[in-house]
Structure formats: C-alpha cells, structure tokens
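Start from chain A and add chain B with the ligands according to the hints.
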Amino acid sequence: MALLDTRKEDIEHHLSKYPDKRSAIMPLLYIAQEEYGYITEEAMQEIAELLDVDITHVKGVVGFYGMYYDKPKGKYLLYICTDLPCALRGAEEFSQHVCEKLGIQPGETTPDGIFTVENVMCIGACHRAPVMQVNFHFHENMDEEKADQLIEDLRREVKATEPYRSE
Amino acid sequence: MADTVKITIDDIEYEVPAGMNLVDAAKLCGVDIPVFCYHPKLGYAGNCRMCLVELGTPRRNRETGEMELAWFPRLQTACTQTVVDGMSIRTRSEKVRDGRRIILELLLSSHPLDCPICDKGGECPLQNLTMEHGPETSRMYWEDKMHLGKHIPLGELIYLDQERCIHCARCIRFQRLVADDPVLGFDQRGRRQRIITSSTPPFDSIFSGNTTDICPVGALTTADFRFNARPWEMVQVATICSHTPEGSNMYFDTRPDREAGGRTTIKRVMPRQNEQVNEIWLSDKSRFVHHYMEHPDRLTRPLIRKGGKLVEATWEEALEEIARQLQAAEAEVAGIAGGRLSNEDFFAFQKLIRGQGSNNLAAYPARVAGAEFVAQVGVGVGTNFLDVGEGDAILVVASDLHEEAPIWWLRVKAAAERGATLIVLNGRETRLDKFATHRIRYAYGEEVATLNAMLGSLDDEHIQPEREVEGLEETLRHARGFEASPELAAAAKAFAGAENAILIVGGEGVGAETSHNLAQAASNLLIATGHVGRPNNGLIIVWGAANSQGAFDMGIHHRYGPGYQPVEQPGLDYAGIIAALKSNDLKALYIAGADPVFDDWLMEEALRATNAYIIVQDMFLTQTADLADVVLPTQSIAEKEGTYTSGERRVQRFYQAIEPIGESKADREIFLTLAQKLGHGEARTVAGLIFNQDIAGAVPQYAGITYQALARVEKQFPDVGGEDLYYGGTSYPNRHGLGVQWPVAAEDESAGLVVRPAEAGSRLTATDSALVVVPVTVLYDAEPVMQKTQLLRQRVPAPYAALNPADAARLGIEAGDMLEITSDGHAIRVMAVLDETAPRGAAIVPRRLQAQGAPLAAVVAPVVRLERIGA
Ligand code: SF4
Ligand code: FES
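Sequence lines, in order, name chains A and B.
This note's numbering applies: residue 398 is where the first sequence begins, and numbers increase by one.
This note's numbering applies: residue 24 is where the second sequence begins, and numbers increase by one.
Next comes chain A alone, as it looks inside the complex (with noise of 0.2 angstroms):
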C-alpha cells in the first residue's frame, strides 16, 4: 500500500507548507516511519517521485540523520543518552543494565520485536541525568529499579505510545 493510499491528507498538509516541496523529505520520512515502523526502500522511492528528487537524495538523508530507520526496528525505541553529563551520572553502567535485562546489545532489536535499545549522543536533558528517551517520551533521572518497571510496563501493555505527529 502506498503512502499516499493511507496518508494522503498528511502529506498534502506538509506539501503545502514549502514553496519548494524538496523541503517537506523530513515530515514525509517521519510519516513513512510511523506507517510501517521504518522506512522502507519502496518508501523511499515513493517520496521521491513525491518530491521530484532522485532516490539517492532521499537514502542521503535517511543516512545522514540517527533518527531515520532504513531497517526494522522494535516498537520501542530506547534512547540511552551516553554523551558526557549522562555519563557523569553512571549513563554507560545505565544502558549496560538496560542491555542485559533486554538480552541485547546496543543497536539491536530483541527478537520478539519489542524493544531497539541505541547509545545516543545528548538528547538536551542533561539537568535530569541519565535519561532515557522512548519513542518520543522522555523519562528523566533514570536508575537501573525505574528502567526495569518501565520495561516491564511497555511489555504488558505493548501498546504503541502516542504516536508522533509532527505538529
């Protein structure tokens, strides 16, 4: 199913705001992902023919930022900020804890498709040090006691969290 089948709306809304509509790749990744969790290569090639780029274009962006997924990836997406104040904070012994309890190493994904777990660089929080950023939820002053609820919280409920929307 193509993204203008299920999304249309969403993505005439983005296509409207830019006087060049090259500059809507951003919100139109960011729709793609939402819709099938990463973004996929037909994906790609559809926002292209969208935006009247080449799909070397599109794949240079998806590579170029942290936050695009050009492969599967869990429901939810652990962000462990590693970068120095977290670190200050125990932020590695952190994410090692959250790693074992997941049975994963950072950038892999657990194998029912639960969980990514990624060391990221600061993610703008570091007055609440470590944090942890699921989805697009941060949980802040985190220690290793919380992590394990929120874990065992996620998985009972294995809901999706809010959705993103980019507005």
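In case anyone wonders, no lab produced these hints; they're calculated from the structure.
Be careful, since some hints might not be right.
Said to hold, decoys possible - Which chain A residues stay away from chain B? Per the calculated CB distances, all over 10 angstroms, these: (1) P416; (2) P424; (3) Q430; (4) V455; (5) K456; (6) G457; (7) F461; (8) E490; (9) Q493; (10) E497; (11) K543.
Said to hold, decoys possible - With a cut-off of at most 27 angstroms between alpha-carbon atoms, the simulated BS3-like pairs for lysine-lysine come out as follows: (12) K468(A) / K173(B); (13) K738(B) / K418(A); (14) K457(B) / K516(B); (15) K738(B) / K64(B); (16) K472(A) / K543(A); (17) K414(A) / K605(B); (18) K418(A) / K405(A); (19) K332(B) / K738(B); (20) K29(B) / K64(B).
Think of the CB as a built atom: it goes at the ideal place given N, C-alpha and C, for glycine as much as any other residue.
For chain B with the ligands alone, kept in the frame of chain A given last:
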C-alpha cells in the same frame, strides 16, 4: 572583459577581471591556491578547507570615514570569495602554511594511504599537496583509522573506494550541476560519510566517467582502467572521438603491455581540454567504447570469395582482383563511405570513384542530409557554446541531443542555464525540454512545415536579412502559407530578435529527403533573420557519424565534389545506388567503413540480388561484409593519423596510437593504391601531404588551413590540468592542437545568399491499427563496435518500442508484450514499453538495437501484439 579590479597577492598588486572567483584570479596571476573541492567548472562548495588564505578586504573606518584594509582574524576559504577592488591576500605566510598542514593532517586521518596500489597515485592532488604542504608524520593513531568498503561498484563502469574519499562532493556536484543526473549523494555523516547511488540502473548517467577525472583522490576509478597501469608509464596520444559528431578531443593513454605480448595497447581514454569543443568532458561512449579497436575479432587479412566462401588472401591478390573488376566496370561503379573515415580517406575515396568517371557517391548514414546548407550558413568561425548566454537563442529541431551528441547537449543546456533562450521543436519530450523556454510539439511529418510556419509568422520588423538575398520574396510568400500557433509565433519572434542565434537540426524520425528540406527551411530562417556569417550564429546539423561533415566537405556526394562544387553529371545517391544494384545497372560497389545491411533491409535485398562486384572495407566481418565478393581489413582511428571535421566544422588532427592490427591498412592507402593501379593519379599516402597539398588544392574552404596549424595550441581558461599540484591529474591540457574551423560562404560579406521555399511533407496520422513508427537514435545502441565492448554492452537495452499507455490500452498491448511492426514488407520485433512521454499515436523505436530493427524514416505501420509469452 572590460571591468577589472586591483587585488594584492603576497604584497604584489595585480589587475584581474571583476567578478572572478579568488582562486581563479590568483591562478590567472600565476599564484597557486591549493584546492580540493573547488573546481572552476563546478563552482565552490567550501567543504574541504584546503584553500585557506589570510584575507583582507577594504572597509570604511567608522571613526575616520576612511577606507582601510581589514584583515580577518582567522584564515578564510579563498574559493568562496569573489575578488573585489582593494582585496588583499597572503598565501605564503606561516599562518597559511600551518592551516594547510592541519587540514591535510585531518584529511589523512582516515585515509588508507594505499598510494602504491592506487590508480590515482602519481597524478593525485591529495598525494601532491601532501608532499608539498602536508605534515611529515601524523599525530593521529593509526589504529583509529576508519575502515570502509574498498571495491564498491557504483555501476558497471565506476568503482568507489570509500576509504579514499575526502568528501569534496565534486562527483555529486558534477552529476547534479553539469550532467543533470543527480544520482550520486552522500549517505551517513562524519567519518562514516560515503558516496552512494540508488538509481536504477546504478549510477545512471552517460557522463559518469567524468567523475573519475575530477575526483581529486583515487576514490572513483573506472572499471576499465583500475589496477591496469600507472599514470607515469603511459604515453598520451591525441585523438578525436570517432563516434558522435561533436569532435571531442581526447587522449589515448597507451603503454606496451605484457598481456598483449609486448604490444602497445590503449589503457584508457582521457579528455583533452578544448574549451571550444568538449571543455574537459567526455561521454561514456567516447571514453569506454575503444575496446573494439583491439578486439580479437578484427579482420587481419583480406578475404576473397571463392566457391561461395570468403577465404583469406594476400593483399596483392585482393587488390589485383579489385583493380581488374573496377577497370571492367568503368563508370558503372558506386561508392558508399561511412562517417568514421578521415578526411584524407574520403578524399582518396572520391578520387578513386571519380577517377572511374562516376559521381555515384554516398556518405553513410545517408539519412541526414543538407551539408550544402552548412557550407552556406554554418555557424560562424569562432562559434563557442560557452559564449552563448543571455540575449542569445538556440533552436533545436528534430533531435534528441542527449543521445545523438551528448557534449552538445551539455553545452546547449549550460547556455540555457546562463540565460539563452532555448527553443525545442520535437514530436516528443526529450531531455532538453526541461531547460527550454519554448517547447513546441509538432506532429511527425510536419517538421519542415513547423520551421516554415516560424518564418511565415514573422513580421517585417523581424525579417532582417542584412544583405541582398536571392529568392526572399518567394520564400516568404511560401512560408506564410503555413499556420503558426501563438506559441510557435512567440518562439519565432524570440529567435529572430535574439542577439545571436544558432539553429541545430537533427534527423529524428526523418529520412534523407525530409532532412534535406529541413536544412533548407532552417537555412531560410537563419538568413531571413540575419543570423548568419557571424560567430554564434548559423546552422549545425547533427550528423549520424563522427566525420560526416568531413565526408561532405571532401565531396562524398552525388551532386557535388570536394568543397561543394557542383559536378557536371550528378550521380546516384544512396537510394539510387540500391535501385541500380537491383536493376544490375552497376557493375561494382565499394562500401568503406559502413555497415548499411545492419540498418537497411532494402540494401540487404539489393546486395543479395545484384550481379555487381561488391567490395567491402571494414574492421570486422560485418553483415555487409558477409555479402561481399572481397573484404579488405582496415584500421581504426587508433592505428593511423589524419583529420576529422566536427559538426561545428572544426578540422582536428588525430595521431597514431597503436600498431596496425594484423595486416590492416589505412583506408586512404588502400584507395590510393587502387587509384594508382587504375591510372587515376599518383599515390601520395602520407596524411599530412594529402591534407596540405591535395585537399588544400581541391577544397577551397580548407585552402587556408595547414596540417601544422591544426596542431597549434594556446593557453586555455580555466587553466586546469597543467603542472600545478591541485588540478593536475584531474584533467589534461591540450598539447596537440585545438583545430581550426573553416569559414562558410556567408562569412564573406560580399557573398550572395540564397533562400528557396522548403518543401514540406504532410502529417503522419495513426489509424485504428497502425501507429506512426518513429525511428530515433540512442547513444547506447547495438551497432557492431558496441557489441565488442563488454563494459558498455550491459547498458544496451533489448530492442523496444515506446508507446503511450493510452495507445497501448487501445491496441490491447501491455508492457513487456512482443510486438511486430511491419512496414514495406519488413517485420520488426520489439518489446512494448509504456511511456507517458511517447506522443499519442506514435511508437518510438530506437535505431540499431538489433539488426534492421527500425524503419528508415517515420512511417505509419501496423503494430501487432504477438502471443504473450507464457499466456
Ligand atoms: S568520491 Fe572523489 S569526487 Fe566524490 S566526494 Fe569523494 S573525493 Fe570527492
Ligand atoms: S573549501 Fe575551498 S577548495 Fe575546498
């Protein structure tokens, strides 16, 4: 350029053109500012930081109100600066040297330093600049180097070494800005940043090879040359592209090769800078097709038909036999010469055939005609597409330039981007449309009518012939009988009112007769609007072969001899020759460097039916040669020397690069030996002598040109590829001649100009079951020499016809269906491709994707779907 500004470089004052890029201006003054990402043909990107200088600009002191020089506290990138009056830079200070050293240290921090096995090694700007400006050792940890992919094919032609890439983006910018194939891009970022292509097929561009030239490191290499030779081992031999009519200047880089048993072979083809012809670019066909020249299938000995079979013979035997046959045939001979022969070859050929008393001469391909109009109103001497821009106009009619003459396409497109008014007249969309100011679609068959209508729509104000023109009244009256749409009239006005105007005529969909009329109509329009006799004004015909212009100049024509001088007794043209073969009114036919049977079933039929003695001279045993009584092995452009004349009438020299293959001989040598045997004159076979004496004597247009003058060079701008450390190895200066354009009649102010009503054909219309089948030219076709080049063969599509989806639906045709198109009793089988850009009612069929695979000119023919495979 009248406007200049004064700048100071390292305390010396210079005067440079206003508005110039600082790096270019310094170069003009003989000062090197090293660069990686900047390129005069691509503009600046400012991403490598190699060009750092200390920069001072004049600024008004707020307190005193005086102008004073203000130095930037930090080093600035010179490539992002435009010169301004009073600007001052330092390029040799300690600070600048420090800056360069640090930039190089950083660029090398993840570079693999595999120069000993790198193709660019020896002509690599990164290597050169590191030697000159880099640190001796690095403070980086060797173990921390980023390791990335080393042999990544970006397509069949180009390989990427991700580790060597310094992210200058020249390749990306070339593809986007120059080639308009934006199929390269960066993926990832930081040290992981890499070049990718995602087009289908990968790296889909006919200009891809140029990226390997301008890549300042060994990151992009060609499949053809990688790990093949070192730059310093090779000898550069100047040559000309022998496939399309732009006359691209290039080098054969040659080296004796162990694998070839010590023979000198062509290792690679590189562009040779000629700013008036191909600048520093080549199409991939020009660059990669050369493999046929050394292909094992080359004919090495003469073949004579004995007992129905072609068997090897000696030259003596073959030439004796031919001489005997020609002697007996007397004037009942005809000659067909293909457009890859040199001027000297053509001259010798017509000397041989005319020596027999015959004017039965045809240049091949015969479908594009009208050279006599070029001789009258061809573009003026000094024409250079680079000088065409705002206020000027270019009109392209019946041509898909991108496929027929890729370098002209690049240059016409660039002129349009500089502001020239581009008018494109065609029956379908082509890749020039995007850049056109006026896009006019005509119905096939109305090509000439469209040009006539343009002329007819002009009011007196725009008819400015500038001098006496014979036939003007009558021609205008005739032209006014054609109706012009408002769009067409507007285009005509823009063309007429332009300061300079060039008219480019192609042969898309038309045959020889229409092509001739189209050139007449074009010539009328140019003369009536006063766009003749000056640089950047006049006619260019997109010939079907590299040296077709030369063929006509040398008199390979049934109505005129060398220099367009009418002959007393016109002979047979190409179609006439076919008819005469069938009726056995010819006793001998000599076909040199042409394979008409590959295109033309009528020729095959005639050759099979005739009693005439057939002589074929070629590099391969072509389908035409297969029907010959005698086959003579001839040489490629790499094995001989001589001259070619480009479609812009630039006469250019090429030189011998490799030893002749087998016993093959140069075409001219064979013709002249025969001419001498037959008593048609002495055999002077040295190319330079033929040019300076025979041709100069017989062709008035060439009289003022000497072989030596063709080899003259001068400094060209932009000055890339010289001895400097930063462009060297990314393009090559021209050390062997820029060529000379010959003047057309209109350039002589006293010469009279003639116009005549151009006869227009009528519109071809599709019927319920038949479509207008339009033959078009594609760059990557399956002509015999392309089949010998493995690399390019992969891009040659299977024979197809492009149909508009609406027609396909109407005829019950789906994409992928096998179609049969029958015209003149000949059936062509092609695959259906559905294409929105194909005009309604038409089937676009590329020529030469298979033998006899397209009609000779546009024709209304039934298009039938064969059984669906697997259905
Ligand atoms: S591949 Fe070459 S031209 Fe392209 S960005 Fe890398 S270094 Fe520059
Ligand atoms: S930044 Fe100036 S040449 Fe690269």
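So, going through the hints one by one against the coordinates:
At roughly 20 angstroms, the least C-beta separation between P416(A) and chain B is larger than 10 angstroms, which holds for a residue marked as non-interface. Chain B leaves P424(A) outside its interface by the beta-carbon criterion, the shortest separation being 20 angstroms against a cut-off of 10 angstroms. The Cβ of Q430(A) lies farther than 10 angstroms from every Cβ of chain B, with a closest approach of about 17 angstroms, so its non-interface assignment holds. With a closest Cβ-Cβ approach of about 8 angstroms to chain B, V455(A) is found to fall inside the 10 angstroms limit, against its non-interface label.
Consistency note on K456(A): stated as away from chain B, yet its beta-carbon is not over 10 angstroms from all of that chain's, at 5 angstroms minimum. A beta-carbon of chain B is positioned within 10 angstroms of the beta-carbon of G457(A); the least distance is around 4 angstroms. The claim that F461(A) lies off the interface is violated: its Cβ sits roughly 5 angstroms from the closest Cβ of chain B, which falls inside the 10 angstroms cut-off. Chain B leaves E490(A) outside its interface by the beta-carbon criterion, the shortest separation being 25 angstroms against a cut-off of 10 angstroms.
At the 10 angstroms boundary, the C-beta of Q493(A) stays outside the reach of chain B, the nearest C-beta of that chain being 23 angstroms off. Against chain B, the non-interface label of E497(A) holds: every CB pair exceeds 10 angstroms, the least being about 27 angstroms. Listed as a non-interface residue, K543(A) keeps its Cβ farther than 10 angstroms from every Cβ of chain B; the least gap is roughly 32 angstroms. With a CA separation close to 23 angstroms, the supplied pair K468(A) and K173(B) stays within the 27 angstroms bound.
For the given pair, K738(B) sits about 44 angstroms from K418(A) by alpha-carbon distance, which is inconsistent with the 27 angstroms threshold. A threshold of 27 angstroms between alpha carbons decides the hint, and for K457(B) with K516(B) the separation of about 21 angstroms falls inside it, so the pair holds. Using a Cα cut-off of 27 angstroms, the hinted pair K738(B) and K64(B) holds, with the two alpha carbons roughly 17 angstroms apart. In summary, the hint linking K472(A) to K543(A) is supported, as the alpha carbons are separated by about 19 angstroms, within the 27 angstroms threshold.
Only pairs whose Cα atoms come within 27 angstroms are accepted, and K414(A) paired with K605(B) is rejected, the gap being roughly 70 angstroms. With a C-alpha separation of about 15 angstroms, the suggested pair K418(A) and K405(A) falls inside the 27 angstroms cut-off, and the hint holds. At most 27 angstroms may separate the alpha-carbon atoms for a hinted pair to count; K332(B) and K738(B) exceed this at roughly 56 angstroms. Under the criterion of a C-alpha separation no larger than 27 angstroms, the hint pairing K29(B) with K64(B) is consistent with the structure, at around 24 angstroms.
When each numbered hint is compared with the structure, violations occur for hints 4, 5, 6, 7, 13, 17 and 19.
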